[in-house]
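**Q** Chains as they are written, first to last, in our numbering: chain V, 1 to 113; chain P, 1001 to 1117.
These aren't lab readings, by the way, just hints derived from the structure by calculation. Virtual Cβ for every residue (Gly too), placed ideally from N, Cα, C.
Label pairs and their calculated CB-CB ranges:
#, chain 1, residue 1, chain 2, residue 2, range
1, V, Ala17, P, Lys1070, 45 to 51 Å
2, P, Glu1052, V, Ser70, 40 to 46 Å
3, V, Thr55, P, Pro1083, 43 to 49 Å
4, V, Pro79, P, Ser1067, 44 to 50 Å
5, P, Gly1053, V, Gln45, 29 to 35 Å
6, P, Leu1022, V, Pro79, 39 to 45 Å
7, V, Ser9, P, Asp1026, 32 to 38 Å
Pulled a few chain V residues facing chain P out of the computed Cβ check, cut under 7 Å:
#, residue
8, Phe34
9, Leu46
10, Thr51
11, Asn99
12, Thr105
13, Gly106
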Amino acid sequence: AQSVTQLGSHVSVSEGALVLLRCNYSSSVPPYLFWYVQYPNQGLQLLLKYTSAATLVKGINGFEAEFKKSETSFHLTKPSAHMSDAAEYFCAVSDYTGNQFYFGTGTSLTVIP
Amino acid sequence: NAGVTQTPKFRVLKTGQSMTLLCAQDMNHEYMYWYRQDPGMGLRLIHYSVGEGTTAKGEVPDGYNVSRLKKQNFLLGLESAAPSQTSVYFCASSYVFGTGEKNTEAFFGQGTRLTVV
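Could you build all of it, start to finish, from the sequences and the hints given here?
**A** Below you can see the structure in the form of structure tokens.
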């Protein structure tokens, strides 16, 4: 069985500060991992994905995430927060043997001016 | 390129009424999914389909039915709406798993906000 845990349902950072959103996964096989962003009243948009190539993955809007197998983690970071980064962020996992995506409960990011 | 389109975007139902949510994708995806999103609970899978004519239950299927008569469409039905079904519903689609590392993510529609009173 697969699952995703996102630590911290709400994260607040100052504009210009480091953004760190945490995601830990559980998977019995090598996983595919994803970060999605959801702006108010919109659908989910893919930020980045890990598919067993490079462990450090770069995405859109300056975000990146590092796959750490030993820690079963896929934390999302951005060096300098911008006001436009305020949104809900979801981590998700799937694998090549299944046909589903498993989502975390989400982290709401607030950026303080 | 439309991607995944959901109809309608908003709807208010009275308890006991029925309705159908339509999802259409133009990416020739095999897999399609219906999720509901509730505060603090993330996205929960209702039903999914791995191809035309096939459907399967997800995590929270009770009170919902689905049909995939055409590859590009996935319909979600509520036969007798209940206030507990007040939620935001998202449809998503993806390629067949295992077809390559480029084809791994799900593509989402803009959502349907349903209120049952």
